[in-house]
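Visitor: Residue-level listing of the chains:
Protein chains: 2
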Amino acid sequence: MSTSTKPPSGTRDFLPEDIRRREYVIGVVRSVYERYGFEPLETPAFENIETLLGKYGDEGNKLIFKILKRGEHESTGEADLALRYDLTVPLARVVAQYQNQLPKFFKRYQIQPVWRADRPAKGRFREFFQCDIDSIGSTSPVVEVEQLSAVSEILTRLGFADYTIQLNHRALLSAMLEAANVPAALHGEALVAIDKLDKIGRDGVTKELVARGIDPPSVEICLRALTSESTFDDIVSGHEAARQPRAHIDRILGLLAGTPAAGHVAFVPRLARGLSYYTGAIMEISVPDLAGSLGGGGRYDNLVGMFLGRDVPACGFSLGLERIIVVMTERGMFPASVGGGNADVMVTIWNDASLADAVLLAGDLRNGGLRVDVYPEPDKLGKQFKYASSRNVPFVAIVGDDEKANGAVSVKDMNSGAQQTLPRADVAAFIARTSRTS
Amino acid sequence: MSTSTKPPSGTRDFLPEDIRRREYVIGVVRSVYERYGFEPLETPAFENIETLLGKYGDEGNKLIFKILKRGEHESTGEADLALRYDLTVPLARVVAQYQNQLPKFFKRYQIQPVWRADRPAKGRFREFFQCDIDSIGSTSPVVEVEQLSAVSEILTRLGFADYTIQLNHRALLSAMLEAANVPAALHGEALVAIDKLDKIGRDGVTKELVARGIDPPSVEICLRALTSESTFDDIVSGHEAARQPRAHIDRILGLLAGTPAAGHVAFVPRLARGLSYYTGAIMEISVPDLAGSLGGGGRYDNLVGMFLGRDVPACGFSLGLERIIVVMTERGMFPASVGGGNADVMVTIWNDASLADAVLLAGDLRNGGLRVDVYPEPDKLGKQFKYASSRNVPFVAIVGDDEKANGAVSVKDMNSGAQQTLPRADVAAFIARTSRTS
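Top to bottom, those sequences are chains A and B.
With the working numbering, you'll find the first sequence wraps up at 443, consecutive numbering, no jumps.
With the working numbering, you'll find the second sequence wraps up at 443, consecutive numbering, no jumps.
Rather than coming from a laboratory, the hints here were simulated on the basis of the structure.
If chains are identical, the list can't say which one is meant, so a pair holds when it fits in one copy or spans any two.
Computed list of lysine-lysine pairs in DSS-like fashion (alpha-carbon distance at most 30 Å, straight line): (1) Lys11 - Lys67; (2) Lys109 - Lys388; (3) Lys109 - Lys11; (4) Lys74 - Lys127; (5) Lys74 - Lys11; (6) Lys212 - Lys201.
So that you can see chain A by itself, here it is in the shape it has in the complex:
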């Protein structure tokens, strides 16, 4: 008993109630994604280590869980595998590996856990689910529009009304950095700092930008641009390189009219997104009562090329399942039915001789469509009732000696306490009917 029975730091056990909530959300996510023509894909939990290293920046490399080589190599401490850090890099590998099997416009969804050796904190875990959609093969704004529309439909169906989706374009940020005379070599670093604007504020970002070697006058121009759309437009409008990306953003906004995303999406110059692989439109969802985002995504037209040897346009969106569940739980957004117990009825055991009757009755009730638990052993009836009650099972079925002699079953309604004796053939229908109307 020296072993701790807690799950490892930063991970969680999901007890039945937790799973039911998660499965409810996943059910909505999956059905909407399928409605939009996305197809399911799953990849292994671990990848060859070189598949992941170098894809997420220096910080990312450190947060990757690495797996020891097996057998004789185990003692060398060498790692040859690593746990999936996101669902995007594995997708890029899959697109390269199965290029001849996959359609020209491959649209997949993937709902799987990822692992990051982050410092655990409230709402930040080392194992968490991502729900991703990605569209491979087209540069058309229809791709972003369909993704924004699908994500909005999911949020609406889950009961969110107050979410906003910020939209920006990496090329516009580059134009701004250029206009502010930030050297191209520092653009990546600058974006990582700018991405924290909502989190650490104007002063925090100023400090970080200066610390990363950017001149104070340049920093000043950037921050003015980032906090006002009109200043941003003024600053980047002179740049030829900004014209096409700005048109792409406007096209997306225009096409969203009449879709579930209408009214929720806005162009926000300060949106930067941390990941280094984005190349075009970037998007992020937030709700007022959650620091951080419910999800985000963007275009990454070069990542597939790192595996395939030629670039393929790609755009994706990832929903954070844990954060959605946190907000829904805090706001009480789960339908009552999601909390349902483990059974519609529990069959009691009258005595040792009636085990067979109990098992067969359970079978009949299951054939009648009910979820049926069987108290596993003979026990005082009062104790069995108490157990059913503690488990929130709404009905209990009893086949005592009298019932057995008459081909009957007594049914106790655990909410009202009422008990009645019914012909055995009528029990399943009675319970189904009474459950529906109560």
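Take the given structure of chain A and dock chain B to it, following the hints.
Guide: This is chain B only, laid out in the frame that chain A set:
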């Protein structure tokens, strides 16, 4: 492009068709388990390494994937976490950790991947799914009966008719080993060898038993007992210790009458099961055309005690998802609907000006309950048709200039080639109706 794009050795990428097949089987498994009152549970992919080490025997220890400590410890080669090797040990940990929250009779199902660094071979993977049910807290034969019944119902619903479930009891095997004068210290080793009887035959097992230090006369007695039920009974019947286990087995067999398992379960003396933690009834499913089993399980009344400090009765059954899928695929057992493509209809793009129309039409059709793909960019109509055809999308919707002017949509049936123009409001219902009847 030096990185291989294959998944790691022994693992697989699951493309859409694979996922659909798997989700179909998981759907049946889950719905039957829930019908039997089992509740969902999930645990983290990795456990603290000491949770797993020493639970699966020496062979098992070697097959556990170990994860390097993070940060400054990474270079020491020390591992502090390990990937889940099965779902039973994590369950035992969970039962100990949440003893005050869980019901007295905790019945859970768990459908998650496990990882074993086995040598990859046909049908043997390093990442594979287990579908487990376990019942904690009761020694009653109702537990085994309900599990055997649930598993049989799953197999029947999936279309299996020819499966058999072997049933034995570890205490009967112990009695046999005792009767054959095998020293108690060698019982564990002997069972590991006996477990291979179907795989390596009588001679192979004889050799292994002798190699493990068991006297040839003892080996001879064991093998006679294992290949004939009546000899087995003769040999163990003198043992008082065999009486209760034998009665337990007979009780289980008796209670199965009238359940979905009836006619499929038989007492088989040679069934041993490899894992060391079994203490009572053991069970294993097989079908004629598959070497190895589709699943198995048994009682393990001491494992929870390794975490909790006091023993708790427990019994579980695990279905091997991969093997079920292999047999179903080879036999063509999947319903045609499982192979369905990614969409019921594809909306074409007439020209750049009609992107918005296409997006809105897609939205309408989705609201009508259809799965809708949108060709993402303007292209020759013939090319768009060809694409839909290659993707097995049965209908294509076109909003050309004429259709737009008339509030109409043209719908092409990709199977018959027939095309007709309908009022826009009627399209979803038309496609749904035509899909159903074709």
